[in-house]
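The listed protein sequences correspond, in order, to chains V and R.
The letter at position 198 of the first sequence is residue 198 when you use the numbering used here, and the numbering goes up by one with no holes.
The letter at position 36 of the second sequence is residue 36 when you use the numbering used here, and the numbering goes up by one with no holes.
It should be emphasised that the hints constitute simulated quantities derived from the structure, not laboratory data.
Note that the coordinates shown come from a computational prediction; the quantities given were computed from them, not determined experimentally.
None of the hints are false.
For chains that are exact copies, the list does not tell them apart, and a pair is met inside one copy or across any two.
Using 25 Å as the maximum straight-line C-alpha spacing, the simulated DSS-like pairs for lysine-lysine come out as follows:
1. Lys50 with Lys67
2. Lys12 with Lys67
3. Lys233 with Lys208
4. Lys12 with Lys186
5. Lys66 with Lys50
6. Lys255 with Lys208
7. Lys138 with Lys247
8. Lys110 with Lys67
9. Lys214 with Lys186
10. Lys247 with Lys12
11. Lys247 with Lys186
Protein chains: 2
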Amino acid sequence: MKTLYVIKVGGKVINEEAQMDAFLDDFATLHGMKILVHGGGNMASEVATKLGIEVKMHEGRRITDKKTLEVALMIYAGLLNKKLVAKLHARQCTAIGLTGADMNLITARKRPVREVNYGYVGDVAEINQMGIGSFLQKNCCPVFCALTHDMQGNMLNTNADTIASEIAIAMSGLYNTRLVYCFDKKGVLEDPDQEDSVIPELSLSRYKTMLTEKSIHTGMIPKLDNSFSALVKGVGSVTICHADALKNLNQMSFKGTNLTL
Amino acid sequence: MKTLYVIKVGGKVINEEAQMDAFLDDFATLHGMKILVHGGGNMASEVATKLGIEVKMHEGRRITDKKTLEVALMIYAGLLNKKLVAKLHARQCTAIGLTGADMNLITARKRPVREVNYGYVGDVAEINQMGIGSFLQKNCCPVFCALTHDMQGNMLNTNADTIASEIAIAMSGLYNTRLVYCFDKKGVLEDPDQEDSVIPELSLSRYKTMLTEKSIHTGMIPKLDNSFSALVKGVGSVTICHADALKNLNQMSFKGTNLTL
Numbered sequence: 001m002k003t004l005y006v007i008k009v010g011g012k013v014i015n016e017e018a019q020m021d022a023f024l025d026d027f028a029t030l031h032g033m034k035i036l037v038h039g040g041g042n043m044a045s046e047v048a049t050k051l052g053i054e055v056k057m058h059e060g061r062r063i064t065d066k067k068t069l070e071v072a073l074m075i076y077a078g079l080l081n082k083k084l085v086a087k088l089h090a091r092q093c094t095a096i097g098l099t100g101a102d103m104n105l106i107t108a109r110k111r112p113v114r115e116v117n118y119g120y121v122g123d124v125a126e127i128n129q130m131g132i133g134s135f136l137q138k139n140c141c142p143v144f145c146a147l148t149h150d151m152q153g154n155m156l157n158t159n160a161d162t163i164a165s166e167i168a169i170a171m172s173g174l175y176n177t178r179l180v181y182c183f184d185k186k187g188v189l190e191d192p193d194q195e196d197s198v199i200p201e202l203s204l205s206r207y208k209t210m211l212t213e214k215s216i217h218t219g220m221i222p223k224l225d226n227s228f229s230a231l232v233k234g235v236g237s238v239t240i241c242h243a244d245a246l247k248n249l250n251q252m253s254f255k256g257t258n259l260t261l
Numbered sequence: 001m002k003t004l005y006v007i008k009v010g011g012k013v014i015n016e017e018a019q020m021d022a023f024l025d026d027f028a029t030l031h032g033m034k035i036l037v038h039g040g041g042n043m044a045s046e047v048a049t050k051l052g053i054e055v056k057m058h059e060g061r062r063i064t065d066k067k068t069l070e071v072a073l074m075i076y077a078g079l080l081n082k083k084l085v086a087k088l089h090a091r092q093c094t095a096i097g098l099t100g101a102d103m104n105l106i107t108a109r110k111r112p113v114r115e116v117n118y119g120y121v122g123d124v125a126e127i128n129q130m131g132i133g134s135f136l137q138k139n140c141c142p143v144f145c146a147l148t149h150d151m152q153g154n155m156l157n158t159n160a161d162t163i164a165s166e167i168a169i170a171m172s173g174l175y176n177t178r179l180v181y182c183f184d185k186k187g188v189l190e191d192p193d194q195e196d197s198v199i200p201e202l203s204l205s206r207y208k209t210m211l212t213e214k215s216i217h218t219g220m221i222p223k224l225d226n227s228f229s230a231l232v233k234g235v236g237s238v239t240i241c242h243a244d245a246l247k248n249l250n251q252m253s254f255k256g257t258n259l260t261l
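Working from the sequences, and respecting the hints, build out all of it.
Dropping the structure here:
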């Protein structure tokens with residue numbers, strides 16, 4: 001089985017052009033088949049504010065009303081996605097910018113309204129494995145932003161970490177899939193206040209203990225849930241690291257957290 | 001040879017959701033292979049103004065500085081392009097939203113700086129015929145916005161009418177290509193002030209006479225130059241009509257202008 005990298009990049013790297021360029025240098029030289037999934041950083045909130053669109057939150061989670069969805073389309077699918085695609089071509093990496101709506105690659109279900117109406121938010125329903133595979137076979141790197149659709153004409157906002165893990169799971173039937181989350185921390189930290197307290201190898205049982213002890217940063221929990229879910233469902237490996245560390249991914253000097261079952 | 005429709009839609013249709021929905025109903029039911037190219041309407045200028053970005057013009061032509069290009073990416077490649085793709089899927093038409101940067105489908109050259117620096121504006125250099133054809137073979141409709149790239153990492157603003165004619169020319173080697181410009185007039189008008197003075201068939205020689213007599217609306221000249229260029233270079237037919245008329249394209253009742261050499 002050939003190896004496929006599914007690399008998610010998020011956090012501050014997205015908004016800092018020099019950091020993004022350095023990351024893309026490393027991404028473009030990564031040997032073999034690869035898929036990039038990117039978050040949006042804080043640019044969408046900034047533009048929404050400038051356009052006079054109120055940012056609505058419920059218990060730390062964003063409510064995506066129609067206007068907020070439009071800003072997500074503008075920033076994620078337009079500005080960021082296409083900039084990344086153009087920059088990859090300048091690095092001799094043929095790429096195509098995608099949302100889940102394109103070629104119906106990722107269908108989602110609009111989240112049902114219960115106590116809270118999160119608006120235009122979708123949970124992944126189906127990944128089009130053959131569609132994504134058709135680009136890989138042409139040595140073309142799919143670049144996904146965190147938007148999906150419901151086949152009813154609505155675009156939906158979907159968590160980028162989840163998109164990355166769902167794509168990795170779907171593609172693991174065809175490839176030895178390696179899922180890598182790149183962000184602005186060095187990995188999963190033993191002590192959230194100590195940047196250098198990276199746990200090199202985190203097992204599912206230790207993660208469960210950490211959850212019980214509440215010793216894990218709450219912001220990391222969805223990412224880790226996605227990661228372990230991917231491992232359980234057949235993804236070959238899952239790694240969480242700083243965007244700077246991607247270049248050392250297959251080196252002895254690599255610093256980051258590898259997850260194990 | 002199979003027939004391929006290359007349909008450009010622009011003008012006010014783009015900004016009016018009900019008009020756009022009606023147009024997409026007609027587009028989706030058009031039998032056979034098809035490519036959609038869309039303009040941006042006036043939404044980019046509106047958003048630029050809200051974001052405090054000055055619209056710079058030189059003799060009626062827009063100067064695309066870095067900030068203006070970013071707005072074009074947001075509105076054309078993000079908001080409009082992906083909305084169209086989602087809406088086409090709701091009409092059982094599999095579609096993929098594209099810029100020229102995606103899969104390197106349209107390479108352009110940044111317009112050289114002479115008396116005026118138009119900024120991030122590109123003239124089409126090469127169309128990837130096989131790349132575009134690969135979507136058509138999968139019954140997937142490419143939806144292009146008017147952005148290209150230079151392979152050096154820069155996205156470029158490119159005239160949507162020109163993109164449509166260049167795609168039609170490139171694809172005419174593989175298909176009997178029919179280029180249709182849909183906008184908010186009923187066709188080429190004999191008298192620009194008389195909405196109903198549509199010329200049903202316009203020959204190149206008559207067009208040249210009209211140019212000499214200055215009896216053609218100046219805004220129509222680039223569209224007509226693109227159209228006749230396409231015919232000369234092997235495109236099977238070129239039609240200019242109102243977006244409403246698309247549904248009657250192959251009917252006796254069709255109203256619009258067909259061009260002839």
